[in-house]
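Starting from the given sequences, assemble the full structure and let the hints guide the process.
Number of protein chains: 2
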Amino acid sequence: MPANFDHIGLLGFDVFGTVVDWRSSVARACAPFLQAHGVAADPLAFADAWRAQYQPAMEAVRSGRRPWVKLDVLNLENLQRVLDAHGVDATAIDPAILAQLNRCWEQLDPWPDAVPGLLRLKRRFAIAPISNGHIAGMLRLARHAGLPWDVILGAEIARTYKPQPEVYLASSAAAGCAPADVCMVAAHNSDLAAARALGLRTIFLRRPHEHGPQQATDLAPEQDWDLVADSMEDVAQALGC
Amino acid sequence: MPANFDHIGLLGFDVFGTVVDWRSSVARACAPFLQAHGVAADPLAFADAWRAQYQPAMEAVRSGRRPWVKLDVLNLENLQRVLDAHGVDATAIDPAILAQLNRCWEQLDPWPDAVPGLLRLKRRFAIAPISNGHIAGMLRLARHAGLPWDVILGAEIARTYKPQPEVYLASSAAAGCAPADVCMVAAHNSDLAAARALGLRTIFLRRPHEHGPQQATDLAPEQDWDLVADSMEDVAQALGC
Chain A
745 MPANFDHIGL
755 LGFDVFGTVV
765 DWRSSVARAC
775 APFLQAHGVA
785 ADPLAFADAW
795 RAQYQPAMEA
805 VRSGRRPWVK
815 LDVLNLENLQ
825 RVLDAHGVDA
835 TAIDPAILAQ
845 LNRCWEQLDP
855 WPDAVPGLLR
865 LKRRFAIAPI
875 SNGHIAGMLR
885 LARHAGLPWD
895 VILGAEIART
905 YKPQPEVYLA
915 SSAAAGCAPA
925 DVCMVAAHNS
935 DLAAARALGL
945 RTIFLRRPHE
955 HGPQQATDLA
965 PEQDWDLVAD
975 SMEDVAQALG
985 C
Chain B
745 MPANFDHIGL
755 LGFDVFGTVV
765 DWRSSVARAC
775 APFLQAHGVA
785 ADPLAFADAW
795 RAQYQPAMEA
805 VRSGRRPWVK
815 LDVLNLENLQ
825 RVLDAHGVDA
835 TAIDPAILAQ
845 LNRCWEQLDP
855 WPDAVPGLLR
865 LKRRFAIAPI
875 SNGHIAGMLR
885 LARHAGLPWD
895 VILGAEIART
905 YKPQPEVYLA
915 SSAAAGCAPA
925 DVCMVAAHNS
935 DLAAARALGL
945 RTIFLRRPHE
955 HGPQQATDLA
965 PEQDWDLVAD
975 SMEDVAQALG
985 C
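If you read the protein sequences in the order shown, they are chains A and B.
Per this note's numbering, the first sequence starts with residue 745, numbered consecutively.
Per this note's numbering, the second sequence starts with residue 745, numbered consecutively.
Calculated directly from the structure, the hints in this document are not laboratory data.
Idealized CB from N, CA, C, for every residue including glycine.
There is no bait here: all hints are sound.
Here are the simulated lysine-lysine pairs, DSSO-like style, with alpha carbons at most 30 Å apart:
#: 1; chain 1: A; residue 1: Lys866; chain 2: A; residue 2: Lys814
#: 2; chain 1: A; residue 1: Lys866; chain 2: B; residue 2: Lys814
#: 3; chain 1: B; residue 1: Lys866; chain 2: A; residue 2: Lys866
#: 4; chain 1: B; residue 1: Lys866; chain 2: B; residue 2: Lys814
#: 5; chain 1: B; residue 1: Lys814; chain 2: A; residue 2: Lys814
#: 6; chain 1: A; residue 1: Lys814; chain 2: B; residue 2: Lys866
Now the in silico label distances, taken between C-beta atoms and shown as ranges:
#: 7; chain 1: A; residue 1: His751; chain 2: B; residue 2: Gly890; range: 14 to 24 Å
#: 8; chain 1: A; residue 1: Asp786; chain 2: B; residue 2: Asp853; range: 50 to 60 Å
#: 9; chain 1: B; residue 1: Asp925; chain 2: A; residue 2: Glu803; range: 28 to 38 Å
#: 10; chain 1: A; residue 1: Ala836; chain 2: B; residue 2: Gly890; range: 50 to 60 Å
#: 11; chain 1: B; residue 1: Ala924; chain 2: A; residue 2: Gly782; range: 31 to 41 Å
#: 12; chain 1: B; residue 1: Ser807; chain 2: A; residue 2: His751; range: 31 to 41 Å
#: 13; chain 1: A; residue 1: His751; chain 2: B; residue 2: Pro839; range: 17 to 27 Å
Here it is in structure tokens:
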């Protein structure tokens, strides 16, 4: 294992995009809903539009304009917003149906390498999501996808959203680790930049198709991260697991 | 499975005594320490004396006399108090040695039936500690003992100690469950009484030797709990896992 991972006590993982393929899973869940409600959108484009509301919604909490609220609430509001943008009156749809569709964020497929890689990493390291997902959502997603977390950390512990420092710091503290003894694994340079600024180790796990074949962001490392890998199994291999 | 467990979404477990055998594990860890410091106490009696400080220490937090503090801090203070009671000046001992001994609470052996039973229960139910242990301690204990938790809930989520209602309610809420959809599994009638008062289901898992062969408490159910079992595997069997 590279020398600078020797005393890592916790591997923290971004989840949406890094561990699971949200785009194709959300599109798959949306397809029958869109058909049933006569929305002529491509399901992948609809998933992209839904996801495009994610950062602005969290920004309201990060900035303090809005009190802490869990991600499932933001996702549901964002769904209603995207339906409006597609000419659908979301208020006319049975709330139970919208809630059911919103649950698709808890039923995402892992990237094929994710579970085998996590199982190898778990042999040596404690592993936990440090995600913007809330605890219940991360719990149900883990049971759906077979993600073998030791503990669920992340935004809800800190009551704000990444990349606010509190999320990394509160997650490290809850695990009983100094920031320098935690390593963040993420497919997003901005996530790693925030983690590094606080002293965490960083692993860039490239996911060039998170946003589909035309992805233009996060194709390459933007800093000299402690490790760059192309699969979770490569991460495990590099860390000697 | 009994009809009244049909819609349970989370099994929450007391840990110290219910899942792990703290007494013999703590005694084993204390034995060489007591010998090295010339304390003529029986290690099991010393473990009992250490544990006897547990409820009063938590009561200071429960009553509001003291702000929230994690269990490892209380355990360390209690160790110093018990050493004093045995005529040992704890302030003369290297703090690193005391901290190391205090870590024995994170290195407890599971009862032999615990891990096999939890693995069976986990197939059907989300499983989590709802313990007075803090998250980091529960994490390290789980990795030591092979406890396959899906998520770690309990006192730290609520920033107070069982049997305060907040611990059960905050744990249920964090898992996305109504209290009625959570079942508490514990070897202590008082824990189950507090859980039932809030609407949780209850399973009494008898541990007649938690306090050694002379145990006088919690030998029998004190209410008509939803299930009474003699091992974690019996719990799994009764719940159809």
